[in-house]
Amino acid sequence: MIQTADSKALRRKKIPVSQWILAIVLFLGSFIMIVPFLWMLVTSFDWGARLNITFPPKIWPEEPSIRTYEVAFTNIKMFRYIINSIIVSAGVIVVSSLSALLSGYALSKLRFKGASLVLLLALSTMMIPFEMTMIPQYLLFSKLGLLDNYLAFYLPALNYAFGTFLAKAFFDQLPSSLREAAILDGAGEFTVFGRVYLPLCTPIIATMIILLFLGVWNEMLWPLLVLKNAAKYTIQIGLAMFTYNNGINQQPSIIMAATAVSLIPVVVVYMFLQRYIIESIALSGIKQ
Amino acid sequence: MKKWLLLLLSCTLVFTLAACSEGSGKDVTGGVEIKQVSDMKGTVRVALAGWQLDNGINAQTGNTTIGLTEYMDKTFKKMYPNIKVELYQIPWENVKAKQTAMLMSGDADVLYTGGAFASQWYQDGLLRDLDDLIKEDTSFDPGIYLDGIMNNSYSTKSPDGSKQFGIPAVLGRRMTIYDKKLFSDWGVEGLTEKATPEEILEKAKKMTGKNPKTGEQNYGVYWSGNSLNGSTFVALTLAFGAKGAEGSLKDVKSIKWHLNTPEMVKVMEWLKEAAKLPPAGFITAQGAENFGLEKNNIAIALDSTGGATMNEFIANNNKDLLDRFEPVMNMGPKGEGWVAVDPFVMAKNAKDVKASWEVLKFLTSPMTQKYTYENFAMTPTIKQADFVKPEDKYVKKALDIANVGHSELMDEANPFYMSDIVPAVNGFISKAASGNAPDIQQFLDELQDRAEKWSANLK
Numbered sequence: 001m002i003q004t005a006d007s008k009a010l011r012r013k014k015i016p017v018s019q020w021i022l023a024i025v026l027f028l029g030s031f032i033m034i035v036p037f038l039w040m041l042v043t044s045f046d047w048g049a050r051l052n053i054t055f056p057p058k059i060w061p062e063e064p065s066i067r068t069y070e071v072a073f074t075n076i077k078m079f080r081y082i083i084n085s086i087i088v089s090a091g092v093i094v095v096s097s098l099s100a101l102l103s104g105y106a107l108s109k110l111r112f113k114g115a116s117l118v119l120l121l122a123l124s125t126m127m128i129p130f131e132m133t134m135i136p137q138y139l140l141f142s143k144l145g146l147l148d149n150y151l152a153f154y155l156p157a158l159n160y161a162f163g164t165f166l167a168k169a170f171f172d173q174l175p176s177s178l179r180e181a182a183i184l185d186g187a188g189e190f191t192v193f194g195r196v197y198l199p200l201c202t203p204i205i206a207t208m209i210i211l212l213f214l215g216v217w218n219e220m221l222w223p224l225l226v227l228k229n230a231a232k233y234t235i236q237i238g239l240a241m242f243t244y245n246n247g248i249n250q251q252p253s254i255i256m257a258a259t260a261v262s263l264i265p266v267v268v269v270y271m272f273l274q275r276y277i278i279e280s281i282a283l284s285g286i287k288q
Numbered sequence: 289m290k291k292w293l294l295l296l297l298s299c300t301l302v303f304t305l306a307a308c309s310e311g312s313g314k315d316v317t318g319g320v321e322i323k324q325v326s327d328m329k330g331t332v333r334v335a336l337a338g339w340q341l342d343n344g345i346n347a348q349t350g351n352t353t354i355g356l357t358e359y360m361d362k363t364f365k366k367m368y369p370n371i372k373v374e375l376y377q378i379p380w381e382n383v384k385a386k387q388t389a390m391l392m393s394g395d396a397d398v399l400y401t402g403g404a405f406a407s408q409w410y411q412d413g414l415l416r417d418l419d420d421l422i423k424e425d426t427s428f429d430p431g432i433y434l435d436g437i438m439n440n441s442y443s444t445k446s447p448d449g450s451k452q453f454g455i456p457a458v459l460g461r462r463m464t465i466y467d468k469k470l471f472s473d474w475g476v477e478g479l480t481e482k483a484t485p486e487e488i489l490e491k492a493k494k495m496t497g498k499n500p501k502t503g504e505q506n507y508g509v510y511w512s513g514n515s516l517n518g519s520t521f522v523a524l525t526l527a528f529g530a531k532g533a534e535g536s537l538k539d540v541k542s543i544k545w546h547l548n549t550p551e552m553v554k555v556m557e558w559l560k561e562a563a564k565l566p567p568a569g570f571i572t573a574q575g576a577e578n579f580g581l582e583k584n585n586i587a588i589a590l591d592s593t594g595g596a597t598m599n600e601f602i603a604n605n606n607k608d609l610l611d612r613f614e615p616v617m618n619m620g621p622k623g624e625g626w627v628a629v630d631p632f633v634m635a636k637n638a639k640d641v642k643a644s645w646e647v648l649k650f651l652t653s654p655m656t657q658k659y660t661y662e663n664f665a666m667t668p669t670i671k672q673a674d675f676v677k678p679e680d681k682y683v684k685k686a687l688d689i690a691n692v693g694h695s696e697l698m699d700e701a702n703p704f705y706m707s708d709i710v711p712a713v714n715g716f717i718s719k720a721a722s723g724n725a726p727d728i729q730q731f732l733d734e735l736q737d738r739a740e741k742w743s744a745n746l747k
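First to last, the sequence lines map onto chains A and B.
No gaps in the numbering here: position 14 of the first sequence is 14 in this note's numbering, and each next residue is one more.
Counting the second sequence from 1 gives a position; this note's numbering is that position plus 288.
Incorrect hints may have been included.
What the hints assert, rightly or not - Restricting the straight-line Cα-Cα distance to at most 20 angstroms, the calculated cross-link-like pairs of lysine-lysine (PhoX-like) are:
(1) Lys362/B - Lys372/B
(2) Lys541/B - Lys741/B
(3) Lys681/B - Lys468/B
(4) Lys372/B - Lys560/B
(5) Lys554/B - Lys143/A
(6) Lys719/B - Lys554/B
(7) Lys498/B - Lys564/B
(8) Lys58/A - Lys719/B
(9) Lys143/A - Lys639/B
Hints are computed from structural coordinates only; laboratory data are not their basis.
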């Protein structure tokens, strides 16, 4: 017993004060980050909070019930909207990633005249706020007859300037001698890209998938503009529909229930790609 | 662990599949037999801000709500079997961007929207006047709508008041509501039916502090200190006779500004004094979460809706709260205040004008207003709203206030009011709440100067 107590004391001594302070700060930080999420979950099961949110917040629902979820799913086609969002996200991810990888490869390895200018022009499109271009873009798609069509997401996704920049920077780090060797062996450009370089691009592809998925999943304005038929709406538009009467009538626990469900695919993606999340932040400098 | 969690999440998603929307089997016409009215042909595209198309569940009562699609199938479709109506449901969030785009590209014929948006679109030439259609149609009676919002609102009338471009469909509720229990605890006499700003301030001051009976902190008065449309400020300008400006929105560059008059000084003095009384969060519209409910600690709420109290009554049949929270008229001399109204409007380039008019007329009719009130608690805009629940005194008060409403230049339809006056007044309130209110005359002189320069720049 004495020995155990001694070893415990020894272990306690080994942890420096700075570590304790760090642990406390991290704990407080995590607590602050997780409280809104927990509040959302608790409220989502509180039938009593369907009309007026309980204030101050409670750690346990006043009227625990899953009826909030029933109302959320009955009033809005939640499941369909989630499927729609998955279709849109998947398409945009495929189109954007492929476009960014191909253009990044070309800019990095093909060394054609004006490559720097092309990159500069592509990057300069990122400086124009979406609010400036959305109405002309909408009118263009209207004239093309592509409203209410998911091509209105996939076509603009071809221009993924940030992805091009990321991919070019990544390809720059890979030796050009690989390409030269493959070309000498008789490989064509697409074979070099697909068979030699693409298998080395897993980290950058994962980064792009994460950034694109979160961006598209949370997108509200463009889907709202181009989609007319409610059956094609995405989940973010669905969530916005829980506000009635010019935004006056809110239904807190119903919105929270819908939001909680809408987060499930995000959590699933996070679980599959979590080991790339930190890497993506380090690679891109972006945290979404 | 990860697999289990994934399985759990997947099951949650699967088991919460949407309920299929099928016919409710409910009567939506109030027993009225629907007959064919016309064999007119056409297609009308209707863009609706915030309406629910599918059947659902009323979160208040747990009863089934009938979506607009079923309602239209049971009514309009029978009346006009050859008019095809395409309904586009748009959430209120970013609705202006969406509907503006639809108007510009000619993708909508009839729109239900916010009053301020409608007013702006009309001034931008995107909407059509309805006067010719009203004149030709003997079955349409404009007299059934509340005068204050049909004839005196920038949301339905042109800036000079000569043209009708919108028909009011849903009314915004803004009234003074007081808590009889707190008044009784403090031994203060209840508000009069047309409580003036002076009466409100005097009584509010008496009821700010520790409640003599419960010992809890009470606050005399509350209003939203960061209101985007400055509705309380508007009501005060009406009460003190501070017009703020003269002229017409049809010719904004010729508006004569009167923002630094003695009457406007009184408005600001009232705000300066009253800003000491609400809970601190009022400058960001916080602190009144419990107004209208059991735990309330605010004696008087300005521009309130009564929604929380009515919700409790509908959900739990709580009559005590209904008796406790009493509405009175707004602060203007006749009890008027700023009245919001959301109209139906028609696009300038509507494809099929006659069919669009029939749809617009139907969607603003008493039958549709009854349907929206019963299913979605939307406030009607007609004089004879006999379908309103007898207990719903807040809607009745809102109708009384709307009936005496009139448009002034201190309104969200006025561009300078929205871009400069409201932010300036909200900034003033914020400073006053922290005891640092600027010199009122100087503040108003500067505002007047800015307004004059703004007008001069337009010339």
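Taking the hints in turn, this is what the structure says about them:
1. Lys362/B - Lys372/B: With a Cα-Cα distance of about 14 angstroms, the restraint between lysine 362/B and lysine 372/B holds, given a limit of 20 angstroms.
2. Lys541/B - Lys741/B: holds (10 angstroms)
3. Lys681/B - Lys468/B: holds (15 angstroms)
4. Lys372/B - Lys560/B: violated (56 angstroms)
5. Lys554/B - Lys143/A: Judged against 20 angstroms, a Cα distance of about 55 angstroms means the pair is violated.
6. Lys719/B - Lys554/B: holds (17 angstroms)
7. Lys498/B - Lys564/B: holds (15 angstroms)
8. Lys58/A - Lys719/B: violated (33 angstroms)
9. Lys143/A - Lys639/B: It holds: about 16 angstroms lies between the C-alpha atoms, which stays within 20 angstroms.
This entry does not satisfy hints 4, 5 and 8, going by the numbered hints stated previously.
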